[in-house]
Amino acid sequence: MNNVPGLEAIYRDYKSKGVDFYFIYKSLAHPERDGLVQPVTIDERLAHIKKAKVQLSTTIPWIADSMSNELKNALGNRNNSEIVVSPDGTMVVARDWSDPSALRLDLERLVGKAETLTEVTDLKAQAPAAGDGHAAIPRGIVPRVERPDSSEPLIVTTKGDEPFYLKLRAEAEKSVARESKGTLHLSFQLDPIHEVHWNNLAPPMRYSIAVPEGAIFTPSSGEAAKVSAAKADMDPREFLVELDLSTVEAGTPIIISVDYFACDDADRWCKPVTQTFEISLETDRDAGRVQIPGGGRGGTKGGGMKGRGKGSAGPGRGMPSAENILSRFDTNEDGALSREEATGPMAQRFDQMDTNRDGSVSIEELEARLARR
Amino acid sequence: MTALKFCLLAAFGVSICFPLSAQERGSKGKGKGSPMTLQGEPLPDVSGFDEEGNAFPLRQKLKGRHGVIVFGCLT
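Protein chains in written order, with my numbering: chain A, 1 to 373; chain B, 374 to 448.
These aren't lab readings, by the way, just hints derived from the structure by calculation. Warning: the hint list may mix true and false statements.
Label pairs and their computed distance ranges (CB to CB) [unchecked claim]:
1) A/Phe239 / B/Ser407: 38 to 44 Å
2) A/Pro203 / B/Arg438: 34 to 40 Å
3) B/Gln433 / A/Gly359: 33 to 39 Å
4) A/Thr355 / B/Gly426: 44 to 50 Å
In silico lysine-lysine, DSS-like type, Cα no more than 27 Å apart, as pairs [claimed, not checked]:
5) A/Lys271 / B/Lys436
6) B/Lys436 / A/Lys113
7) A/Lys51 / B/Lys434
8) B/Lys434 / A/Lys50
For each residue, glycine too, the CB sits at the ideal point set by N, CA and C.
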């Protein structure tokens with residue numbers, strides 16, 4: 001949210017003119033950035049807000065979106081949109097990306113010039129807080145496991161008693177939603193908002209899938225590799241599972257039980273924890289897009305540090321990469337271009353780019369198109 | 374500083390260029406910063422939670438006042 005200082009300046013000028021300002025804290029656009037994990041409870045979302053107020057140095061009040069993402073979905077489903085509401089309740093301005101300069105002009109037109117003109121440089125500069133406040137806990141020591149190509153996040157429900165120290169991001173090949181078979185990527189991530197870490201002196205985490213009759217999961221259980229490089233870390237524990245649910249009644253969820261040892265960062269306790277997750281084979285439109293620094297959105301297959309960033313097949317010099325194009329045109333940042341988002345020449349060639357005819361152009365389809373040049 | 378521009382040429386048959394500087398993103402062109410179809414519509418009756426966790430019915434809270442709402446998150 002690079003626009004926050006500009007908005008803060010306008011807020012200071014216009015709150016005395018009877019204009020109310022609210023930030024709406026929505027689901028994470030890019031989970032895993034700065035180690036953050038998608039909240040699954042409203043208390044976790046409120047904890048993110050506390051962190052955001054400090055990290056972004058803002059006095060503008062925040063509203064947490066509901067866990068069903070009611071506000072985001074009712075108000076355009078954008079990551080950083082900006083809406084001005086008139087006293088009669090009409091949305092008189094609605095732009096898909098916040099633009100403080102344009103907003104100031106809007107407010108001058110709607111309620112008149114402010115008596116003060118606060119500049120961003122007038123705001124007391126405050127050094128941004130560190131990413132997650134867990135600098136002492138190592139990260140990046142456990143190799144990532146690459147997600148399948150064209151994978152999409154699935155709806156995951158976390159069950160049991162709070163706090164939910166561990167979160168699961170499950171992604172699957174598109175074929176899984178279509179044919180109920182394919183590769184499932186499981187990424188178990190400790191949530192830094194709970195200030196816990198893996199205890200590597202204890203047995204590694206284990207997962208176990210409750211296999212419905214007729215279903216095949218290969219493997220149906222697994223154990224994370226023992227980490228000897230550090231006594232503690234915060235890295236995800238990731239697994240690939242081949243599944244075949246084609247003979248199982250549609251809508252049957254995948255139930256996964258996980259056992260692990262966690263310690264709190266203040267060294268007050270270490271304890272065994274069991275959590276249960278329920279995966280539905282439906283795409284989670286609010287899960288955000290994972291972008292791993294230096295490695296595109298994926299990670300590694302078997303442990304290297306490749307991925308889709310540097311060194312991957314891409315366009316020639318001076319030409320945009322598929323990721324450049326996506327970052328420009330993917331306005332809802334769901335990791336693909338919809339027909340509405342594809343403008344200009346891309347709109348004319350949308351059907352040629354959408355090779356699997358699913359109504360959106362994925363990064364892989366963009367890469368394939370660019371590779372044909 | 375001049376914004377670095379990339380062009381799509383051969384891939385899509387004609388040339389379109391766009392700036393990639395953070396400053397220019399979001400303020401120009403038909404991409405980020407464009408009006409949404411919501412403009413001119415009544416604010417829906419939707420609800421979130423204030424910082425203390427109390428229900429916050431947006432339309433009711435903004436009634437009779439100009440309001441600015443901006444979506445965001447930490448990532």
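(message) Name the hints, by number, that the structure is in violation of.
(response) 2, 5
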